[in-house]
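Undergrad: What follows is the residue order along each chain.
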Amino acid sequence: DFLHICKQCFILWLREKQFSLFFCEVQPNETLTNLKAESDTLKTKLEDERAKLHDVELHQVAEKVDGLGQFIMKTRRTLKGHGNKVLCMDWCKDKRRIVSSSQDGKVIVWDAFTTNKEHAVTMPCTWVMACAYAPSGCAVACGGLDNKCSVYPLSLDKNENLAAKKKSVAMHTNYLSACSFTNSDMQILTSSGDGTCALWDVESGQLLQSFHGHTADVLCLDLAPSETGNTFVSGGCDKKANVWDMRSGQCIQSFETHESDINSVRYYPSGDAFASGSDDATCRLYDLRADREVAIYSKESIIFGASSVDFSLSGRLLFGGYNDYTINVWDVLKGTRVSILFGHENRVSTLRLSPDGTAFCTGSWDHTLRIWA
Amino acid sequence: MCDHQCFVYEIVKMSGSSNLVAMKKIVQQLRFEASINRVKVSQAAADLQQFCMQNALQDPLLTGVSSSTNPFRPQKVCSFL
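As given, the protein sequences belong to chains H and C, one line each in that order. According to UniProt numbering, the first sequence is numbered sequentially starting from 1. According to UniProt numbering, the second sequence is numbered sequentially starting from 1.
Careful, some of the hints might be misleading.
[As the list claims (entries may be wrong)] With a straight-line cut-off of 30 Å between C-alpha atoms, the simulated DSSO-like cross-links for lysine-lysine are:
no.	chain 1	residue 1	chain 2	residue 2
1	H	K74	H	K93
2	C	K24	H	K45
3	C	K24	H	K43
4	H	K45	C	K25
[Claimed, not checked] Below, a sample of chain H positions facing chain C; criterion: calculated Cβ distance under 8 Å:
no.	residue
5	F113
6	A290
7	L313
Calculated directly from the structure, the hints in this document are not laboratory data. Since the structure is predicted, the reported quantities are computational estimates derived from the model, not experimental observations. Yeah, the Cβ is synthetic: ideal placement off N, Cα and C, and Gly gets one too.
Working from the sequences, and respecting the hints, build out all of it.
TA: Okay, structure coming up:
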């Protein structure tokens, strides 16, 4: 059989046909039975190695640290304008602009100081689940049920039709769940309901690297802080959080302790750990050097899933947006909750700290976004 | 189908062997993960804590930022005379 198509279409075609994309040599003595046995031995070995180093809990180490005082954080701005659930948001590096996307198919760029809308784009699909601001502040990326990630350059002319300059970059075989520019406007990282993540060149739309390993929808991703090198973490419906090498496409570490879908992952500011939020109503902290979960942030009274998490600048506070309409603020070191914030009238679906750490923004199924400080 | 440069791909059907290849890949991945160097939780936890402490003063949400420096906190209202 011969196929005359480009590499990108070939990879998509392979996925649809469900052929294995793995090309590797199998030795004569490597039978299915032998390999399965080795797989079981290695899994046990991994558990043992991780357990050996589990000499103390994070909150025990942090016993001597001063507790945090009272937290008074309130809604300082409310951004109204979406006609349906807000699904995603991202900050511009200028610390004042925000892009948000909604089930109504609209992507809006706001000035968070004044609450004015600066740009609005109507996507050809509903459920725009992902959006991201370009590092330059000159473009936004978004996508969702269209299975694509598209980039819209932001025009200084408010009357210009942004949709005319739209550039289709990523193509998946299922919904786009998250997207993020890397440290330049040139590359975008995406995650999808098709179970993969992918790195794309924005200019050419070329697939640069794909990341296979999740066995169900991938729901979220976060890039490591630039000082710590070329890795990113993803979380999915297979309850796994995977850390990937962006250049080789290899999964470097994998963590499976959540009991349900992982909706959100975010790196600790030092890059040595990451937090996750899950439908199992917990947030967890995984340390990359210890290669294990080191904290669980949960309470018996919290029974709804955490949809979105982010750290404060020092990493001491973890903010979690939940499906019970609240935001819980956790002391990362001590494992205790320091505050609970009310305001939204439906699920909190997205949460991000501002670039200078002075505030954080939440988006909700109640159609609004709120800035908290 | 698309505008990108096209190549020719020969599809060789490998019926029955795809499970073997997939299992080999799983084992290779596990071998890799088992081989990485790990530190004790006590060491990792101490480092996380140290990072928090070192950066605490630069964390506006921890220290609390006054209205004059936080653009989102309410300003004192100016009244025009």
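Undergrad: Hints first: check each against the structure and report whether it holds.
TA: Against the structure, the hints:
1. This hinted pair checks out: H/K74 and H/K93 have alpha carbons roughly 23 Å apart, not beyond 30 Å.
2. About 18 Å separates the Cα atoms of C/K24 and H/K45, which keeps this hinted pair within 30 Å; it holds.
3. For the hint linking C/K24 to H/K43, the alpha-carbon distance of about 14 Å falls within 30 Å, and the restraint holds.
4. Restraint check: the Cα-Cα separation between H/K45 and C/K25 comes to about 18 Å, which is no more than 30 Å; the hinted pair holds.
5. The restraint placing H/F113 at the interface with chain C holds, with a minimum CB-CB distance near 6 Å, inside the 8 Å limit.
6. Taking 8 Å as the C-beta contact cut-off toward chain C, the hint placing H/A290 at the interface holds, the least distance being around 4 Å.
7. At about 4 Å, the closest approach between the beta carbon of H/L313 and any beta carbon in chain C falls short of 8 Å, and the interface hint on this residue holds.
Violated hints are absent here; each numbered hint is respected by the structure.
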